[in-house]
Amino acid sequence: MIKFKPPYIGAAFYPEVWDKSEIEEDIKRMKGIGINMVRIAEFAWAYMEPAEGKYELGWLHEVIKLLEKNEIAVTMCTPTATPPEWLTSGYPEVLAVKEDGTAYQHGTRRHYCPASPRYREFSKKITSLLVKEFSGYEAVVAWQLDNEFGCEFNTCWCPACLAAFRKYLQKKYKTIENLNTLWGTGIWSQNYSGFKHIPLPSRGAASHHPSLYFNYKEFMSNSFAEFARIQEKLIHKGTSAPVTTNGMPCFHRLDYQELFRTLDFISCDFYMQPGELWTYIYEFDWMRPFKRRPFWMMETAATWAGGLVPSSSYVLNKGALRAKMWLTYALGGETVAFWHWRAHWSGQEMEHGSVTYSWGEPTLAEKSVRQVREELDRSFELLSSTSVKKPKSAIHLSYPAMWVFDFGARSQVKYDTALQQFYKAFLEQSIPRDVIYTEAPVKDYSVVYSPFLPIIDEELLKKMKDFVLNGGTWVIGPLSGFRTADNTAHKDSDMGIIEDLFKIHVRHKFPLAGSGTAPVYMEWSGIGKTKCENFAVSLEIKGHGKVLAVYKNGPVAGLNAIVEVPFGKGKAVFLGTVPGYKELKAWIKKCSGGDICRAAAASEGILITERVNKDGTSVALVIIDHGGKGGKLETKKAMTNILTGKKVKKLLKLAPYEVLFLKY
Amino acid sequence: MIKFKPPYIGAAFYPEVWDKSEIEEDIKRMKGIGINMVRIAEFAWAYMEPAEGKYELGWLHEVIKLLEKNEIAVTMCTPTATPPEWLTSGYPEVLAVKEDGTAYQHGTRRHYCPASPRYREFSKKITSLLVKEFSGYEAVVAWQLDNEFGCEFNTCWCPACLAAFRKYLQKKYKTIENLNTLWGTGIWSQNYSGFKHIPLPSRGAASHHPSLYFNYKEFMSNSFAEFARIQEKLIHKGTSAPVTTNGMPCFHRLDYQELFRTLDFISCDFYMQPGELWTYIYEFDWMRPFKRRPFWMMETAATWAGGLVPSSSYVLNKGALRAKMWLTYALGGETVAFWHWRAHWSGQEMEHGSVTYSWGEPTLAEKSVRQVREELDRSFELLSSTSVKKPKSAIHLSYPAMWVFDFGARSQVKYDTALQQFYKAFLEQSIPRDVIYTEAPVKDYSVVYSPFLPIIDEELLKKMKDFVLNGGTWVIGPLSGFRTADNTAHKDSDMGIIEDLFKIHVRHKFPLAGSGTAPVYMEWSGIGKTKCENFAVSLEIKGHGKVLAVYKNGPVAGLNAIVEVPFGKGKAVFLGTVPGYKELKAWIKKCSGGDICRAAAASEGILITERVNKDGTSVALVIIDHGGKGGKLETKKAMTNILTGKKVKKLLKLAPYEVLFLKY
Amino acid sequence: MIKFKPPYIGAAFYPEVWDKSEIEEDIKRMKGIGINMVRIAEFAWAYMEPAEGKYELGWLHEVIKLLEKNEIAVTMCTPTATPPEWLTSGYPEVLAVKEDGTAYQHGTRRHYCPASPRYREFSKKITSLLVKEFSGYEAVVAWQLDNEFGCEFNTCWCPACLAAFRKYLQKKYKTIENLNTLWGTGIWSQNYSGFKHIPLPSRGAASHHPSLYFNYKEFMSNSFAEFARIQEKLIHKGTSAPVTTNGMPCFHRLDYQELFRTLDFISCDFYMQPGELWTYIYEFDWMRPFKRRPFWMMETAATWAGGLVPSSSYVLNKGALRAKMWLTYALGGETVAFWHWRAHWSGQEMEHGSVTYSWGEPTLAEKSVRQVREELDRSFELLSSTSVKKPKSAIHLSYPAMWVFDFGARSQVKYDTALQQFYKAFLEQSIPRDVIYTEAPVKDYSVVYSPFLPIIDEELLKKMKDFVLNGGTWVIGPLSGFRTADNTAHKDSDMGIIEDLFKIHVRHKFPLAGSGTAPVYMEWSGIGKTKCENFAVSLEIKGHGKVLAVYKNGPVAGLNAIVEVPFGKGKAVFLGTVPGYKELKAWIKKCSGGDICRAAAASEGILITERVNKDGTSVALVIIDHGGKGGKLETKKAMTNILTGKKVKKLLKLAPYEVLFLKY
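Residue numbers (my numbering), protein chains in the order written: chain A, 3 to 666; chain B, 3 to 666; chain C, 3 to 666.
Quick caveat, the hints were computed from the structure, so don't treat them as lab data.
These numbers were taken from a predicted model, which means no experiment stands behind them.
Possibly wrong hints are sitting among the right ones.
The list treats identical chains as one, so a pair stands whether inside a single copy or across any two.
[Unchecked claim] With a straight-line cut-off of 27 Å between C-alpha atoms, the simulated BS3-like cross-links for lysine-lysine are: (1) Lys198 to Lys100; (2) Lys22 to Lys134; (3) Lys30 to Lys493; (4) Lys394 to Lys293; (5) Lys554 to Lys369; (6) Lys544 to Lys30; (7) Lys531 to Lys320; (8) Lys505 to Lys416; (9) Lys394 to Lys616.
Could you build all of it, start to finish, from the sequences and the hints given here?
Below is the structure:
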């Protein structure tokens with residue numbers, strides 16, 4: 003453990019609600035079980051500024067000094083998630099408004115509108131002050147903006163938002179004629195006579211126009227990002243410590259590519275259960291390639307997660323907490339921080355699990371926390387001198403895609419589920435993969451997959467064209483490319499300029515779901531017969547190309563389901579339907595070109611992560627049973643588990659949730 | 003195919019959102035596959051009147067001329083379902099209001115209030131103009147008012163409605179004392195001190211008074227009808243072309259007897275799935291006897307129906323589209339029109355199926371459309387010179403009955419389901435039947451069934467009395483006659499004057515549903531033992547009469563469940579309970595007096611429709627497998643299938659969804 | 003049957019909606035079948051005061067005189083549940099407001115706000131008048147306040163409530179600092195700057211602070227109680243007749259300890275089904291010990307209960323009505339009153355079952371009513387000279403506990419269900435028990451159980467300490483004592499001063515529910531192994547004590563689950579988890595110390611109630627098959643069934659729903 007350096011085991015800490023003597027005890031206890039980072043102050047505005055303009059920061063200085071003295075690093079937060087009562091009482095225009103037109107009121111959290119000019123002012127003032135006061139501490143190793151943007155709601159319907167939304171559209175579309183044209187408002191005579199008449203998409207007699215809704219989602223997402231950026235700039239001006247905010251992708255549905263654009267690293271809060279530890283791997287696989295610095299898990303349950311998640315808790319699954327923690331460190335994270343250190347004795351989250359009980363004694367998480375601290379100390383050098391081996395495969399992740407499926411498209415696709423199912427085909431076969439945003443560079447990958455990506459804009463298409471020209475394989479679909487950047491269909495063909503570029507043509511397209519219909523199958527060359535799901539597209543090759551799969555029955559029997567088009571040194575592959583999972587797996591394995599770990603093999607549910615040194619040489623493996631069932635591990639050579647310091651046999655039986663850090 | 007004459011295969015067409023060159027292409031394509039009618043302009047107000055008082059109709063003249071030139075008939079629509087943005091921005095008082103008191107806003111459709119005086123003015127102006135401009139075209143064969151009245155909502159809570167509702171009640175009840183007396187407002191001290199204090203039935207601490215709610219539903223239904231009639235009068239003044247509007251009974255819950263009173267023919271939109279084609283037969287069976295002209299199916303899915311209906315689509319059920327189309331023509335319709343010709347490239351209904359894709363190529367519906375066009379051409383003469391043989395049995399359908407069960411009655415009856423289940427007993431036994439409104443003449447039937455008809459008012463009773471006196475059989479119940487026209491109970495007996503007229507008496511009445519109770523059975527003379535469902539009534543014969551069924555067990559064991567009362571030359575039969583379905587079928591078969599087709603017999607799921615010429619002689623049979631499973635057909639004589647021109651054997655095996663048009 | 007004396011068979015009667023001749027007929031019919039009490043006028047305000055200040059009470063005098071003449075007792079009601087239309091039209095500020103901010107409107111019932119000063123004035127005026135006019139009648143044996151307080155809603159969000167709530171908090175907490183401290187508002191910076199800024203807990207971006215919500219529920223409950231007390235005082239001033247109101251515990255969720263504090267007896271409305279007659283026993287078991295006078299069942303279904311309860315009705319379960327009635331009399335009630343005498347011919351409750359149909363003839367309830375009347379006459383002397391034998395065991399029931407679980411606690415406990423399940427362990431073993439409120443005296447019991455009782459305040463703790471010191475056994479838990487009176491956690495330990503008093507310590511505490519986790523078991527000394535449910539607590543003994551159960555597996559394997567602490571002459575037992583039901587039953591049987599009826603034994607589902615005379619000697623048994631399956635009864639001696647006057651054998655087979663009243 004090096005002072006104020008990762009890897010961190012951290013926890014959220016609320017000294018503002020405890021007596022001084024308890025705080026001292028708590029810090030002693032933290033140190034005792036190996037906590038070396040605390041997150042602080044994100045809900046403490048009422049204690050920093052108990053009345054307008056009356057600041058009280060002495061208590062916070064004291065706490066940070068005490069932490070610093072005890073060699074515990076600090077993540078300092080801006081407190082804007084919880085405006086004090088005097089602020090919303092005095093300036094009710096800062097309150098966010100619900101779709102029914104009524105404003106949220108004091109008594110919970112996140113009830114402010116991110117577009118409120120007044121709130122932005124208050125937010126600037128408190129942020130500036132905090133930076134001035136606290137940027138000098140050595141212990142303050144990072145800053146967090148606000149808390150969980152978009153968690154309680156991610157849409158606001160207040161007059162400020164309405165005004166800002168109209169400005170936003172005016173800036174984006176220039177003229178109302180242009181907007182009418184690009185959105186196709188002519189359907190149902192929706193044509194607007196001016197930007198000042200565009201509504202927020204509420205109180206519809208039917209559902210609103212998908213282009214209106216899509217732009218509103220984009221606007222709201224940007225509004226949160228804008229709000230964040232105001233604080234970020236002030237902090238970056240006053241300190242060199244890195245800045246982040248804590249995401250929560252499943253709830254927020256904000257565009258993180260935008261939200262984190264100028265932030266230094268990505269951190270997220272995850273409360274998935276021990277029975278689905280694989281979902282942490284998915285999340286870490288997109289967080290790792292996102293930013294240049296290692297990611298943080300800023301919150302996770304030490305025991306259980308209150309009412310947020312059904313309480314199949316970590317205390318009842320022996321070893322699961324340790325496995326969850328090690329998944330973070332193994333896959334490129336440098337921090338696991340718990341929410342929270344000590345259970346609240348009051349308020350909405352009293353029942354939420356924690357590292358210590360409200361009365362101060364450690365919970366059942368203690369043992370695992372101590373163990374991982376010792377293991378981190380033992381493996382520190384190896385961990386910090388290596389990184390995860392760069393994979394050959396990448397899968398696109400897109401928030402605009404999510405919005406398209408969230409709202410407008412009736413294709414029965416639940417984006418998150420569909421993408422994670424696609425992703426699982428890699429994980430279950432131990433094929434290394436990154437999950438990347440559409441702006442990410444792709445040149446170091448061999449294969450890039452773009453499933454469920456309705457909007458492929460010109461910029462992305464240009465990048466992917468270069469990628470293919472230079473030898474890459476681009477897998478497009480299922481259900482990709484069929485929408486413009488304004489969330490309309492293309493007029494001239496299903497996939498617009500993609501069809502022109504690769505000389506393919508979507509001839510038929512129809513939904514497959516629904517009871518009372520016979521299943522449609524395709525014959526997949528070299529893979530076999532598989533059931534088609536969700537949507538079926540028939541593909542014509544207009545130039546050169548190879549048919550990979552043909553529909554066997556139904557109305558498009560004999561037509562192409564999957565085609566491959568050579569292009570430059572590479573190729574584009576079009577998936578015209580969602581294949582059966584087993585066959586998809588087999589095909590992805592073929593595509594991956596043997597990019598799997600050769601040093602070891604293990605039963606399903608056991609993750610093998612290859613760690614390489616700076617010149618790319620594989621030097622170690624982290625083995626984690628995330629499935630919770632244990633299994634077998636076979637390594638090529640006998641290796642040493644540096645968590646225990648002992649040599650291990652080449653053929654091993656692993657206990658449930660076992661973790662090994664093996665060195666050649 | 004005769005120019006501008008039915009039978010039509012039609013489609014909704016939206017030239018307002020396409021370029022001129024595409025429109026020309028589209029019309030060429032329509033003609034190519036046999037479309038001979040398009041419906042036009044029902045959502046095009048923003049293009050007709052882009053700013054208040056600024057009219058642009060040139061584009062529409064051009065389109066209609068082009069259609070006329072191509073011998074495609076036109077159904078011209080008034081565009082009032084979609085007020086342009088300038089109208090609702092400038093006159094927000096036209097917006098309908100939700101039960102929570104907030105107004106709908108621009109961005110969807112049907113957001114206007116039908117009672118709004120201002121909106122009625124605008125509606126008159128645009129209708130008058132359209133009639134003036136377009137009534138001269140030979141191609142314009144029909145007019146449609148608005149689009150799907152009541153689809154998005156069928157209740158409005160705006161100040162204009164409140165004022166109109168009070169006026170409506172004043173006109174109907176004259177004095178507030180009379181209203182208080184007839185409604186029985188004394189329950190819960192609901193007595194009103196004046197019409198000006200009667201609320202719309204919203205914001206109740208508990209459910210509102212059933213008489214208030216019933217009158218409100220009637221008022222709203224009439225309000226839509228009144229709105230429609232304003233347009234209808236203007237059109238009838240300017241043209242001799244027939245006027246209709248497109249209903250959607252399952253959604254609208256408006257009184258079509260009233261809505262269509264002065265309209266020339268009935269048209270409806272149906273999106274039921276291939277797995278339930280029998281429901282089309284049900285709908286056609288009430289549409290056929292309703293008006294003097296043949297009915298139209300104004301909208302139906304060519305492929306699938308967007309998000310409106312789970313997408314078990316017509317493209318995956320080979321032959322189902324053709325069967326659906328032929329059901330329409332066989333059962334008395336003259337038009338099948340698709341929604342819509344070409345998929346939208348923008349807006350709320352982008353995913354909805356269509357005849358051609360948004361990019362112009364035909365969808366998988368093409369083949370069936372071409373085939374039916376050819377078949378219509380081949381069978382045209384036979385079809386147009388014959389009509390469906392008039393059945394001996396009729397079943398009452400009533401919107402007020404629906405409202406009673408929708409709201410006030412806690413008898414666990416879902417009206418639509420209950421009525422269709424009753425209806426099915428006829429269909430499954432190939433007993434010809436009409437479904438008729440309560441105002442329809444009955445003298446040509448032998449048996450009239452009035453199930454689930456709580457309100458039997460004096461007018462209906464008088465008509466039915468004459469019917470029975472003249473030899474008819476009237477089947478009353480289950481669950482009929484127990485409410486006054488004001489939706490209260492009768493005070494002196496369960497069935498009021500019906501009991502006096504037929505000298506019967508309901509002695510006991512109680513619900514049967516509920517777990518934990520033993521089933522109640524009745525012994526049905528000549529039918530057998532059957533389980534009683536939903537409600538049980540015990541019936542006493544006060545004059546002459548015959549007991550048809552007696553309860554076997556439970557608290558009314560030994561009392562009468564079904565009685566028959568001779569009256570004049572006919573008889574009234576009272577069903578005191580909902581019998582088991584199997585026994586109900588057997589009994590209905592007995593009642594029908596052998597009124598089934600004698601020329602052929604077929605497996606279940608195959609409809610045989612007898613077509614007669616003007617003097618009533620049976621000359622042909624239309625055979626349609628609507629069940630989708632195929633089966634056997636046996637005809638008395640060898641006949642000719644005029645769809646193919648070939649003789650068919652007397653014993654045939656039919657493929658799923660097969661259609662034959664057999665001539666003796 | 004003694005004039006104007008219990009036992010009563012009663013019914014609600016609405017003469018205001020019937021003609022005079024019908025009223026006379028009805029009273030004759032009542033008398034004929036044995037009704038000797040009617041409840042009257044609770045919804046008749048519009049008839050008493052048809053316009054403001056214009057009173058018409060003649061009709062009511064006439065009805066009461068007629069009833070008195072016919073020796074039918076009267077329960078006179080205040081009509082405040084249904085303000086007339088002129089009142090709410092003229093004074094809309096009396097209307098209660100929904101959480102969304104809109105006011106309820108006329109047309110239903112209970113739409114007034116109990117805190118409205120204006121409504122309280124109107125309520126006083128009408129109550130005073132009624133007392134003045136009607137207290138002189140011999141027939142008026144009781145008064146009922148309003149009707150079903152809290153039935154339609156038990157929270158109001160109007161400005162009057164907001165103001166009153168703030169006053170309420172100010173009175174309770176004195177200073178805002180004190181409130182902030184006791185509630186722990188520091189979580190999420192919720193700290194209030196003044197009482198005038200505290201909101202009603204609506205429109206939260208997330209859920210509101212549990213202390214705010216808890217206080218709001220307490221306030222609202224007290225607000226109804228205050229409203230009731232205003233009327234109660236006026237009535238008590240004018241008459242010596244006892245005063246009550248009709249509760250409905252499952253819906254109201256008001257604190258009946260408070261509501262009934264100054265009322266003379268408890269009455270409730272119950273509509274549970276024949277299949278769950280055991281729930282009546284539960285209700286009667288808390289009503290009996292509550293007040294010094296016998297309780298009344300003020301409403302129950304004679305046949306079925308409209309839409310309120312699925313209609314598995316009493317008419318289809320032969321004998322169930324009689325059994326329900328006898329349960330009331332046997333367990334300490336003196337009145338069974340039906341809702342209602344005659345079915346309404348109009349309004350919201352037309353479908354509700356009744357003693358006679360709307361047209362006046364008796365329903366299928368008639369036979370049972372006549373029979374019970376005869377049986378009461380026969381057993382009158384025995385019944386009135388005896389009372390239910392006082393049990394040794396008591397179980398605590400608490401409305402504040404219900405509120406804690408209703409809202410704030412995420413422990414997956416549904417309070418009503420959990421408590422009734424605990425209670426059932428007594429009933430199913432025929433262990434006599436009282437269900438008591440926390441203010442009830444406990445000194446006459448041997449064992450008091452306090453399960454699911456989060457708040458054990460100082461007053462209760464003091465009483466229970468004395469109880470234990472004097473030899474009582476106090477069973478605490480599961481899930482008790484973990485909240486302060488302000489609905490926060492204790493800071494220093496899980497159970498606060500309880501831990502100090504009994505020298506025990508909760509070391510670990512965690513939820514057990516959730517899929518994907520292995521079950522946790524405990525070994526219960528002398529009982530066996532049992533599965534732990536819902537929550538697990540590990541208990542340390544700091545002083546003397548005995549371990550009763552130890553966890554067998556899971557994270558607290560080896561730690562104590564149940565401990566017993568000797569204290570004074572008695573002991574405290576702490577249940578650290580919810581045990582399996584079978585084992586809980588066995589243990590409760592041990593705890594009860596053999597306090598079961600020794601005079602007879604019967605099959606499950608048959609209730610044996612021992613009746614004692616004034617000196618406590620057992621003189622009779624009431625035997626009721628509430629399970630509806632019949633079974634065997636064995637008595638020690640041959641006894642006489644005074645309902646029939648016949649001797650019965652010592653070994654008997656009982657028919658379903660059989661009732662016997664056996665005398666030694």
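Hints versus structure:
1. For a Cα distance limit of 27 Å, the shortest separation of Lys198 from Lys100 qualifies both inside one copy, at 21 Å, and across copies, at 24 Å.
2. Taking identical chains as interchangeable, the C-alpha atoms of Lys22 and Lys134 lie at most 27 Å apart only when both belong to the same chain, with a minimum of 24 Å there against 65 Å between chains.
3. For a Cα distance limit of 27 Å, the shortest separation of Lys30 from Lys493 across copies, 18 Å, qualifies, whereas the shortest one inside one copy, 67 Å, does not.
4. Taking the closest pair of Cα atoms, Lys394 and Lys293 come within 27 Å of each other only inside a single copy of the chain (18 Å); across copies the shortest separation is 70 Å, beyond that limit.
5. For the identical chains of this complex, Lys554 and Lys369 are inter-copy neighbours only, at 19 Å across copies versus 57 Å inside a copy, given an alpha-carbon limit of 27 Å.
6. In the homo-oligomer, the alpha carbons of Lys544 and Lys30 lie at most 27 Å apart only across protomers (25 Å), although the nearest pairing inside one protomer, at 72 Å, exceeds that limit.
7. For the homomeric pair Lys531 and Lys320, the shortest alpha-carbon distance between copies (22 Å) is at most 27 Å, but the shortest distance inside one copy (42 Å) is not.
8. Taking identical chains as interchangeable, the C-alpha atoms of Lys505 and Lys416 are never at most 27 Å apart, the minima being 30 Å within one chain and 55 Å between chains.
9. Proximity of Lys394 to Lys616 under the C-alpha cut-off of 27 Å is restricted to the intra-copy arrangement: shortest distance 17 Å within a copy versus 78 Å between copies.
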